[in-house]
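Engineer: Each chain, written out:
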Amino acid sequence: MIINGVTIDATFAEAFPMKATRAIITAHNEKWAMIAAQSMTGFATSVIACGCEAGIDRILDPSETPDGRPGVAVMIFAMGGKGLAKQLETRAGQCVLTSPTSALFAGIESTIKIPLGKNLRYFGDGFQIAKVIAGKRYWRIPVMDGEFLTEATTGQVDAIGGGNFLVLAQSQEQALTACEAAIEAMNKVPNVIMPFPGGVVRSGSKVGSKYAALNASTNDAFCPTLKGATKTELSPDIESVMEIVIDGLSKEAIDKAMRAGIQAVCDLGAAKGIKRISAGNYGGKLGPFHFHLQEIMA
Amino acid sequence: MSALTFTLKTQPKQRVDMSPLVSANLTGKTTDEIAAITLQCGKQKIPVGGLFTIAGDDAQSIVINNSYDKLDFIGKELDGGSITVNGDVGAYLGMGMKSGEIKVSGNVGLYAACEMKKGTLEISGNVGDFLGAALPGNKMGMKGGTILVKGNVGERAGDHMRRGTILIEGNVGDYCGSRMTAGTIAVMGNAGRNLGYAMRRGTLLLWNKSQLPASFNDCGTHTLGFLPLLFASFKNSNSKFADASVAFNRVQRYAGDMSEMGRGEVLVRL
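Residue numbers (the numbering used here), protein chains in the order written: chain L, 1 to 298; chain S, 1 to 270.
Among these hints, one or two may not hold up.
Distance condition first, Cα-Cα at most 25 angstroms in a straight line; then the derived PhoX-like pairs of lysine-lysine [said to hold, decoys possible]:
(1) LYS118/S <-> LYS118/L
(2) LYS117/S <-> LYS136/L
(3) LYS231/L <-> LYS206/L
(4) LYS43/S <-> LYS98/S
Some but not every residue of chain S turned toward chain L, in silico, with C-beta under 8 angstroms [unchecked claim]:
(5) HIS222
(6) PRO228
(7) LEU230
(8) SER233
(9) SER237
Bear in mind the hints are in silico, worked out from the structure with no lab data behind them.
Virtual Cβ for every residue (Gly too), placed ideally from N, Cα, C.
Put together the whole structure using the sequences plus the hints.
Structural biologist: Put into structure tokens, the structure is as follows:
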């Protein structure tokens, strides 16, 4: 398949089941809601070493938030429910509770509930106040700028992590420009996050390493400087490869995001130095979710 | 199906225990069977058919017409369904109700919604003392649900209240929220003396400043984030509380009762 001169490889991205949650952060204005959201979703690029993958789902209009203030929806993904709950609580406590004027609410409904502010209430040292409003429990925790309002729990849902595609370009600058265009398009798709810095990862990994202590190492088949030194996947005209990883609440959401991103890259086309779109997988034996590039772009 | 309607034929001089006339007790019964149920009236037992004209067949929707102030225990431990009362009501309305809805067009006596657990109670007239309170000797009053009163309320509203919401459009008597453990009482009118007497936790939300006991301390003026959520939860209620123009989030906060735990609060609109 070729779109606007860009070859779409006959391959697929391989993804895994994860557990996810969404929370809504509101603040006095969008600037401070975003600061809290960025802080809460920081150092959360990969479960390999961060414990979770997190990102900003979208900016919320005041009419969409529980308390009528500007807000930001964030999503956190982890390999299991226990890890997710720990990450959520730690990040909410250290990054949102501490952020001026913030409030924190559940962002997703589910029969499985995990603590959001339920345990943060103990920060109130006995001065905290519970309020059940419209069937939901909230905690009012006295803090130095007033009160930190937080919903007691949020929902935990099944999700998918590890959707991805690779952008193969003639130069580093062209690969970066294409990825920026892709992320801009993908940010408009709800229920997905691209957890890496700016949504883009330049250090894609393969499973395993020559060093026994490591379980992942550089994806040498896609490293342009190793074209002559390893079993490469790159043609001589490719000088830079960047990857976009997608976590989503459903296969459909990831499909939609991948399509939007790949289309944005292809819109730049071969004329802008984009040669191929590929994807990372492990032969289809590890992850139950397969995202076939040509099916998505058909 | 039409609402199961009880229309009072005569007004006995003695008080009537209406507790058998709830959905759970009437579902599946024929009109004759319902007419044969006996109600305690003073020392006597009177069949329902002797007191009321019965019409309709939907026991989930009960209507009581020509009600007067000696009909006690209406909706006692109600668990689902609705009761609409046209007229006044005696004591213990909705006592211990578990779910469902009760609407009263007239005035209501003592201990309305005492020890209520869940559901909604809407009263268009005035209410007597001990609204949402605990029965004498008991330690836990209302534990959940919502009470809306469009008129005035007597003394000791919310005594020993533990959870839930009481909305009062009119005035409230002395000792409102006394010995409260938690929950919210909102008063649009004026409140009497000794507001929040011995309250441990909970919120008294006032539109007009009232004289507070000396054991309440001023915590200053604040903008509280939970108030917009609280007012938003009232928007579907059939009351002045649903009007967005009466909502506020700027308050003077008083903490008390310091002679007790002191974790309660009185919030007065600024």
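Engineer: Where does the structure disagree with the numbered hints, that is, which hint numbers, in rising order?
Structural biologist: 4 and 9
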